Structure formats: C-alpha cells, structure tokens
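Novice: Residue-level listing of the chains:
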Amino acid sequence: MSLSALDGGFADPPVEAAHAFRAVLQALSRPGRIERIAGAAPPSPCSPAAGAVLMTLCDPTTPLFLAPSHDTDDVRAWIAFHTAAPLCGPETAQFALGTWGALQPVGRFSVGTSEYPDRSATLIVEVETLAAGGARLTGPGIETEAALSLPEVDAFRVNRARFPLGFDCLFTCGDRVAGLPRSTIVAEG
Amino acid sequence: MSDTDYNFAYLDEQTKRMIRRAILKGVAVPGYQVPFASREMPMPYGWGTGGVQVSAACLTPEDTFKVIDQGADDTTNAVSIRKFFEKTAGVAVTEKTAEATIIQTRHRIPETPLTEDQILVYQVPIPEPLRFLEPRETETRKMHALEEYGLMHVKLYEDISRHGEIATAYAYPVKVEGRYVMDPSPIPKFDNPKLESAALQLFGAGREQRIYAVPPFTKVVSLDFEDHPFDPSKAPHPCALCGAEDTYLDEVITDDAGGRMFVCSDTDFCARRRGEAA
Ligand SMILES: [Zn+2]
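Residue numbers (our numbering), protein chains in the order written: chain A, 502 to 690; chain B, 793 to 1070.
Note that these hints are calculated values from the structure, not bench results.
Fair warning: this is a prediction, and the values are worked out from it, not measured in the lab.
Beta carbons are placed, not taken as given, at the ideal position from N, Cα and C, and that holds for glycine.
Take the hints with a grain of salt, since some may be wrong.
Covered by chain A, according to a simulated footprint, are these stretches of chain B (three or more residues, beta-carbon under 8 Å) [stated by the list, open to error]:
1) 813 to 824
2) 965 to 974
3) 978 to 988
Please work from the sequences and hints to get the whole structure.
Specialist: Pasting the structure below:
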C-alpha cells in the first residue's frame, strides 16, 4: 500500500460524514438539485465527491464494484484503508463506482426483490459535467419539473418502468453530487 | 459521563452508516418500510427510539433541532430528546417551528407549513398499516409486494356500513405515490393533508426496526371511496386561546368542576398567534 492511501480521509469523520450524508440525502430527496460535498481527497480518477460518498456510506458490510474506469491500485488501496468495503463483481454489488460508460451494462446491477426492493445497488456515477439542464425530471422530490445533465435517458426510463424495483444513482463531479432515485420519471430535454 | 465518552450524536459511525443507507433506500422507494438493525438507546422504546436514531443519523452540528410530543415542546419526552441531542450533538434547539431545520415529532405535524430546508422525523410505534389485518410479517410483506390492498379497503368500508363513516381518527392509512399503503404514525387524520409537504419526511420505528420516507412533494392520498371521500374533520370550535379556526385542537380540563376548553395542540403555533395579536 502506498503512503498516499492513508491520506485524503475525513479530518473529523463524525462531523464530515454528517455533512456529506446531508448533501447526499438532499440530492436524492430532490432529484436535479446539485449539492456540494467535501472533505475527501481520494486518488485520481476518483473525484472528491465520490470519495466522500464512499466514506459516508460504505464499510465492511457493503460489497463494492469498481468499474474498469476506477479499478486502479491507488483507488483500491484508498478504499481499502478508508472504508474497508470488500470489492466484488457487479451482480452482488451494493455500491458501484465508475463512469457511466464503464458501468455498462447497468442491467447487471441488483434492483432488489418485490418483497425487499431496498436490496438494490446504488451507482456512484462519475461525470465530466453536472448541470441543472438536459433531461427533464418529474416525480417524488420535485415540485413541478427539474432538469439534470444525465449521460443518457433510456436506461433511466427502463429503470423507472420496474419501480419499486431499480437501482439508484448518485452523480459525482469534482466536489458536487446530484441524485437520481429509481422513482424519478426521466424524459428527453 | 464526560463529553468524550460518546461519538457525535451518540451513535457510532458504523451504526449511522447503516441507518443512513436505510434512509436513502426509503427515500428512493417512498412509503416502503426498509428494515434496519435498531440499536439500544439510552431511553425506553416508548420514547421514540426509532425517531431518535433517524435524527442522530441526520443531524449536523449546524442544525437547529425541535422536538414535539402531540404538538407540545414541553413534555418530559420532548424535553429529554431535545436535551439528549443538545448534549451529544451540540446542536442549537428551538421551540419555534420556523427556526428548526430538523423537527422530531410524536403524533403531530406542525401547523406552520414546513419548508424545503426542513426535515420532519416521526416517531413510529407500529409502522405496518396492514398489521391489524394480518399479524404475520411474511404475509404483510407479500401483500405490499403484490399491492394486495383489497382487505384494507374492505375494513374501511365495514366502518362505513357500521358507523356511517370511516371511524379511523388516527394513523389513517395513506397511499404514497400511487404505490405503497403507509401508516403515517398516529397523527390525527386532520394532519393527513399536510403529508404532502415541501419538507422531507422520515419515519423511524425502533422496536419494529423499520425506516420509511416521504420525499418532498410526493403524492400522498388518504384512502377513501367515491361515495365517502376522505374527510380530515376538525372540532367545530375555534381555539379558546388564539381564536384559530383551522388548527387541530386538544380538549383541556380547566378546573375541578369539569370546566373545559379547546386549545391548539401545536403550542408554538398558538403562542406565536397570541404574540402577534398582542
Ligand atoms: Zn390556539
């Protein structure tokens, strides 16, 4: 393990995790809203936002899939030290991290069961841009309509069609995060 | 106990992560009850340990925290929980609904409309709305999975044939976003219309180990029938203290001779109205 793997964690874990969680909670409760999420400095290509999400939600009880875009020695070592989340394949992952392209095909991630729809994957999707424009979003958490720069529309339409089953997404970019729960209805912008 | 004997907001980080993951799944599937491993809290179950655990997982040091018990800020239960987080999380506390960022509640929704910057955390005794129809968890879980809510409607309709109306006055069942039937906790049905809110609403049941959520602006419909539409009903009196005609009222005994009056259950709302009138 390189020494850098030991760096870049939360300086004050209980407080920074609390802030990071509130950012994620706001983001997922209000699809389209972009929140700042800070405190983590993971190795490239992992964004600070994705690092903070991992540190806030992942631990030895949450199998994590690293898509090829993020499956590097440095990222593995950093995640092992700061979260101890066991790495796994996409089918059994509770969390997955990668670019949208590297996470494909997303059909292999768990969508839960009809009795336990919560037993589903959360995808942490690293994106180059994150803006309140593009695809049109409606549904829970949105008063009228919101907009978010999604990497595509069809995959989220398919995901919504099997509600209450489905995966949930957190889009991360730099130190910002946005959420797209399975409940959101997505249309072309 | 010194200030260093416990973690921020009392719970250890691994427990908070587990609760936080459950909250996020609850948000993603509005009205669905997410199982979680409830922890022992330094207070009895009847004191809302589910709500306390949800609050602990959500609080940041910058929050302003309010606790109400049946609308009042000054009951033993409300005061204890407020003090607990004042001490363990160092948060500011308030009795003013408008100033709070997180409000933990037992059995009421504040009269003051909530905003996008607020989270309402409910203490829930029995999270399963179908429990009185079916005691077995495996069966109620199947009924939710298959959207088998016919029995619930039959029960409500039996009320109508027996009493001429739906007799359920508290914990009146709702359907969330057209999918899950949900118990809104024992709030009076008067509060049901307020379940459609700009605030995020989180529900924690400690003994039953369930967390569920209603995201902002989620459609929440009280179950009813075309010929018997839902009626939130209220007592036909204004508040004896502030004169409000549109609030939920508690009947209070005023003297040994059995004198009584009806006053706002939401003590902050009532006090604010009286302050403004003065
Ligand atoms: Zn009053």
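Novice: Mind checking, does the region 965 to 974 of chain B have 3 or more residues with a CB under 8 Å from chain A?
Specialist: This one holds; 3 residues, not fewer than the three required, reach chain A with a Cβ under 8 Å.
Novice: Test coverage of the region 978 to 988 of chain B by chain A using CB-CB distances below 8 Å; three residues minimum.
Specialist: Coverage by chain A is violated for the region 978 to 988 of chain B (0 residues, Cβ < 8 Å).
Novice: Within the assertion that chain A covers the region 813 to 824 of chain B, do at least three residues meet a Cβ-to-Cβ distance smaller than 8 Å?
Specialist: Satisfied; 11 residues make the cut.
Against the hints set out earlier in the document, a violation occurs for number 3 only.
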